[in-house]
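Participant: Convert by adding 6 to the 1-based position in the sequence shown; the result is the number in our numbering.
Any given hint could be a false lead.
To be verified - The list that follows gives simulated cross-link-like pairs (lysine-lysine, DSS-like), each with its CA atoms no further than 27 Å apart: (1) Lys94 x Lys83; (2) Lys68 x Lys46; (3) Lys117 x Lys46.
As the list claims (entries may be wrong) - Quick list of simulated restraints, FRET-style, between CB atoms: (4) Glu85 x Asn154: 24 to 30 Å; (5) Ile149 x Tyr99: 48 to 54 Å; (6) Glu56 x Met82: 18 to 24 Å; (7) Ser65 x Asn40: 34 to 40 Å; (8) Glu58 x Met197: 34 to 40 Å; (9) His206 x Glu56: 41 to 47 Å; (10) Asp189 x Met82: 20 to 26 Å.
In short, the hints are calculated from the structure, not lab data. Ideal placement from N, C-alpha and C gives every residue a C-beta, glycine not left out.
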Amino acid sequence: MKENIDKILYKLLILGTVLMISYGAVDQFIGENNIFKIDKVIFSGCNLIELESIENQFSFIKDKNILSLNVDDIEMKLENYDFIETAKLIKVYPSTIIIDIIEISPIGIYKYNNNNLLVDSNSNGFLCSSNISSSIHVPEIKIQNEINFENIFNTHQYKALKQIHNTNPKLFYQIKNITDINDKILVNTQMSKISFNKAHYILQINHLNKLLMHSDEYQNFNYIKFSHLDIVVNERGSI
7 MKENIDKILY KLLILGTVLM ISYGAVDQFI GENNIFKIDK VIFSGCNLIE LESIENQFSF
67 IKDKNILSLN VDDIEMKLEN YDFIETAKLI KVYPSTIIID IIEISPIGIY KYNNNNLLVD
127 SNSNGFLCSS NISSSIHVPE IKIQNEINFE NIFNTHQYKA LKQIHNTNPK LFYQIKNITD
187 INDKILVNTQ MSKISFNKAH YILQINHLNK LLMHSDEYQN FNYIKFSHLD IVVNERGSI
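Could you put the whole structure together from the sequences, leaning on the hints where they help?
Facilitator: Next up, the structure:
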């Protein structure tokens with residue numbers, strides 16, 4: 007019996023020694039082998055983000071070993087970066103990293119005190135440089151009385167713009183700006199003007215969408231005005 011136990015212990019000792027040597031060899035191979043040392047990091051999808059800035063911030067990735075790189079940690083850091091909605095890190099063996107970035111999709115911009123605030127449809131706001139704001143073509147949200155940017159999401163302009171963005175993309179991409187006067191929300195498109203009542207703008211937008219479904223070219227209208235839930239339309243060429 008004792009002889010069998012001695013054999014078992016001997017085998018376990020041999021197995022443990024082999025495992026330790028193997029682990030040490032693999033660890034040394036991973037740590038020292040230049041084949042798997044990252045020498046190229048490629049960023050994809052950067053339009054709002056300054057490419058040079060994000061390259062510098064994540065330059066620490068270079069020279070790390072691709073086999074031991076913590077993908078989840080880097081993706082989490084990237085997604086905490088302004089303008090980034092999601093990020094995917096892809097390993098291309100033996101030594102290249104591709105970082106595929108999906109940025110936020112802004113639906114409007116609010117300008118105040120020489121600041122530019124981009125807003126998306128999820129009530130997120132991001133301050134951006136004038137260079138970025140001038141290169142992005144989204145409707146401008148105009149506020150008669152200046153407000154703090156965190157209150158922009160409570161305005162009728164933002165809510166109406168979001169409703170149009172979600173229900174009528176074709177119309178949304180024609181909007182130049184959206185503002186308000188008294189109890190009206192005014193939408194200026196490239197070719198027309200649309201006036202909504204603040205108390206009924208969601209129903210009115212839904213009615214407008216149905217109206218435009220029967221018109222191939224809404225640019226045919228000089229203006230579209232709502233009075234409660236009635237629609238007043240002035241077509242081009244009419245007196």
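Participant: Which hint numbers doesn't this structure obey?
Facilitator: Violated hints (numbers, rising): 3, 7, 10; every other hint is consistent with the structure.
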